[in-house]
Amino acid sequence: MRVQNLARSVSLAGVIAAMGVAPVLLSTQANAEDEIEVGVVLPITSVLAPYGKPFVDALEMAVADANAAGGIDGRKIELVVEDSQASNTVAINAINKVMRGDPVAVFGPALGTQILAIMPTTEQAKVPLIAGPSTRKVTQQGADYFFRNSTHDAIAKENWTRYLVEDLGKKKIGILHVANEWGYSGRDNTAGFLKELYGLEPVSIASYQPTDKDLTAPILQMVNAGADAIVSQGHPVDEALLVKQMKQLGVDVPHIASGSLCVSVLRGLVSAEEVAGHYCEGPDVIPSLSEKPAVQAWVKAYKEKTGFEPDIYATHYYDAMNMLIQVMRQQGADREKIRDGLRDASYEGVIGTYKADEEGNLWHNAAIMKFLPDGKIEVVRRYSN
Amino acid sequence: MAQIIASGLAMGSIYALVGLSFILIYNATHGLNFAQGELVMLGGFVFYSAAGTGAPYWAAALGAVVAMGCFGFIYQRVLFYPLRERPFLAFVTATIGFSIFARNLALLVWGPNPLKVPSFFETGSVDVSGVVLTPEHLFIIAVTALVLLLQYLLFFRTDLGRRMRATAQNAEVAQLMGIRPNRMIAITFVVAAGLTGVAGVLVAPIFLLDTEIGLNLILKAFIAVIIGGFGSVPGAVVGGLIVGLLEIFVAVYISSVYKDAVAFGVLIFFLVVFPRGIFGERVAERV
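Those sequence lines, one after another, are chains F and S. Residue numbers 0 to 384, in numbering that gives the first Met the number 0, belong to the letters of the first sequence in order. Residue numbers 0 to 286, in numbering that gives the first Met the number 0, belong to the letters of the second sequence in order.
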């Protein structure tokens, strides 16, 4: 009898508890539906982590500001972040996981190979994908929902080729690049523009493995070929080591590095003394060089959050997130409306205007900067379209 | 040319140090420690943190080596000791697991951005009778030579060294002679981890630290010990130097793209044609 009573009271308690819990469950579900999901697939761990974490920080800052200002018609934005690591397979798993929710748009890695891996999924689901890979062919696949928030190599490499030949009068150009898809993109675009614009061939092309720390061999190859200028497309660590080792080997021909060198300078991987005389190119000038109050405020806020000055690529992610927020506020948080909005809108970001062309490129500028011995940075060439 | 050789010898010295520490553990336990590269990586990061406290350079370097030595003891207790009676594959698998763990741990502790450790030297290069050499490369070669000398003195001129060699040759007989094998194995782990600490301190200023530097080091060190003769201490050193020189010569005179392919080609060649390597393994020569 006692046992029965006990069982009865336990089950009664269960029913009461369930009744109490159920409304809570319902209300959290309602809240979850109320939030607007934006997917983020970026490399947060692995060797590519420097290409992910800074962008996540930038996206979070834009979202925090938007949510503090009331979100989108009272609905908060929620970032659903998944790690793509240094692997296309992991990137595909990450996008699948993000797509299990209901994201209205997805931010992807600034890495051509990973974008090519995840784009079929986003295209099929008709969800806008925003990312900054510089490999041009990503936007030449006929994708309808992809938007590039940065400059592609065809613009950037034409800009540095013109600078070397027209402004510096160099004809014997050596190309040094990391042996991966991104490095080859830099090599092919530069060689293509040399040929197309001036009928020139590069005097030497040298590549190295992404794991290489000793770049003596490719540097000496440039020297032996008689290069009077060098361009290089490598990751921040490589570009920093290259600058250091060129100095050690006494190579002082003009050297324009990819935007990675701008990043290595901002992250303190090279000293002002080591980098003096070298150039870096990028989709725009380093944000901290701008005197505009909006840019200065962004630089300050980013530095407070992360401890580093923002590079131009992180700024692109910040701007693109704010562009997405503006589009959602004007058109509504719906995939099709966002796609149309991103395609048609002109957005004034902290560093300039974003406006899509027929390929889905939102940003069309390029700049080359020179590092001076006194630690200052001089903008030597700008390109804007 | 001298610059190329110095650069090749410097990289070779690093491979030699990693290969040597790998072989010490192999000889003592018959276990392959595939986390040796990650120990170098951790050594570099510890050195970075120690240097960041404002301690003098030598103190930071010494601190990193001692810290890695202590870590070697813990590593042995946690990873090797519980698995010592199991098939050797258990320990190998555990070390591979640890290498993944260590990379992610370093990512959590030190963050994803590569780190720069200031160089020992003020000048970027020294001019030796018209030949430009990097002081860091010369320093790596000199320190490695010194470490090898100390290593030799430890193993062949001290009683502790004799007991360690006895344990490596035959642990059971050594035990009958009153040597405690477990203690000797623990000391071997400490010495081997200390060596990776030295390698970490040496590479930190020239590499820029990131969490992935260990992977390439252990692969090259592995090639080095195969070429030199698996189990042979002089073999690990000579093999390391050969791999370092081979890499740079292939990169300069053939192509950087084929550098790793050639190194692994040589590995396969040695495995097929000279499986015993240059200093073919004889138990009597083992440390």
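For the record, the hints were derived by calculation from the structure and aren't laboratory data. Don't take each hint at face value.
Claimed, not checked - Which stretches of chain F does chain S cover? Using the computed rule of at least three CB atoms under 8 Å from a CB of chain S, they are:
1) 107-117
2) 136-142
3) 217-223
4) 243-256
Unchecked claim - Chain F residues, not near chain S, derived (Cβ > 12 Å throughout):
5) GLY191
6) ASP211
7) LYS375
To be verified - Stretches of chain F that chain S covers, calculated by requiring three or more beta carbons in the stretch to come under 8 Å of a beta carbon on chain S:
8) 199-208
9) 357-370
Where a beta carbon is used, it is the ideal one built from N, C-alpha and C, also for glycine.
Which hints from the list above does the structure break, by number from lowest to highest? Per hint list: 1, 2, 6, 9 violated.
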